[in-house]
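K.L.:
Letter by letter, the chains look like this.
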Amino acid sequence: SAVISQKPSRDICQRGTSLTIQCQVDSQVTMMFWYRQQPGQSLTLIATANQGSEATYESGFVIDKFPISRPNLTFSTLTVSNMSPEDSSIYLCSAKVGQMNTEAFFGQGTRLTVV
Amino acid sequence: AQSVTQLDSHVSVSEGTPVLLRCNYSSSYSPSLFWYVQHPNKGLQLLLKYTSAATLVKGINGFEAEFKKSETSFHLTKPSAHMSDAAEYFCVVSDLAGGYQKVTFGTGTKLQVIP
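Taken in sequence, the protein lines are chains A and B.
Just add 6 to wherever you are in the first sequence, counting from 1, and you've got the working numbering.
Just add 116 to wherever you are in the second sequence, counting from 1, and you've got the working numbering.
For the record, the hints were derived by calculation from the structure and aren't laboratory data.
Just so you know, these numbers come straight off a predicted model, no measurement behind them.
Just so you know, even glycine gets a beta-carbon here, dropped at the ideal spot from N, CA and C.
One-sided excerpt, in silico: chain B residues whose CB lies under 10 Å from chain A:
{"no.": "1", "residue": "Q122"}
{"no.": "2", "residue": "S148"}
{"no.": "3", "residue": "F150"}
{"no.": "4", "residue": "Y152"}
{"no.": "5", "residue": "N157"}
{"no.": "6", "residue": "L160"}
{"no.": "7", "residue": "Q161"}
{"no.": "8", "residue": "L162"}
{"no.": "9", "residue": "K165"}
{"no.": "10", "residue": "T167"}
{"no.": "11", "residue": "F206"}
{"no.": "12", "residue": "V208"}
{"no.": "13", "residue": "K218"}
{"no.": "14", "residue": "V219"}
{"no.": "15", "residue": "T223"}
{"no.": "16", "residue": "G224"}
Model the full assembly from the supplied sequences, consistent with the hints where possible.
P.N.:
This is how it looks when you write it as structure tokens:
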């Protein structure tokens with residue numbers, strides 16, 4: 007299993023600013039992901055964080071808006087850039103140990119409000 | 117293409133009665149299927165998973181799900197609902213789409229348990 011710590015747990019930010027969310031896993035993991043959960047909705051995958059290379063973004067998400075780093079097997083960051091109120095959401099970090107048949111573990115999420 | 121359909125956005129049951137949360141999936145590959153639960157203001161917790169072994173999968177807290185390939189379904193059941201089961205439940209499919217791992221969440225089912 008893996009325990010994932012995310013910080014900050016919540017923040018209120020001014021529009022036009024950027025916020026970096028950190029994700030720390032207590033063990034080395036194969037894959038790390040970032041999701042967005044908008045109010046009352048399901049989770050949408052933003053990107054897969056690749057260690058030592060550029061993240062793989064899903065349709066509708068771009069690196070300029072959501073730059074991601076993954077310097078090692080236990081840590082990743084997601085930045086929400088040039089924020090607008092539409093970016094208000096919960097952002098979740100996820101990690102998998104092993105390949106496709108294993109479950110994903112999730113952090114508690116970062117609740118972001120943009121004013 | 118990969119997709120997940122949770123047929124009910126809300127389900128309401130009386131305490132002590134059976135629970136049925138429905139999930140249908142579409143996948144071009146042999147998928148892995150999961151059910152996660154999200155309590156209010158809490159992180160996502162894995163309830164159970166199917167990974168091509170036994171088609172009837174038992175999970176935590178008395179939940180179980182049956183993988184039916186002919187019906188492309190993975191419905192979640194529990195014989196007797198408890199007040200603590202009130203939460204949102206997500207059905208998730210994972211497979212190798214286009215050569216890389218893809219994970220898709222259903223839209224979620226909110227379970228209400230009436231005393």
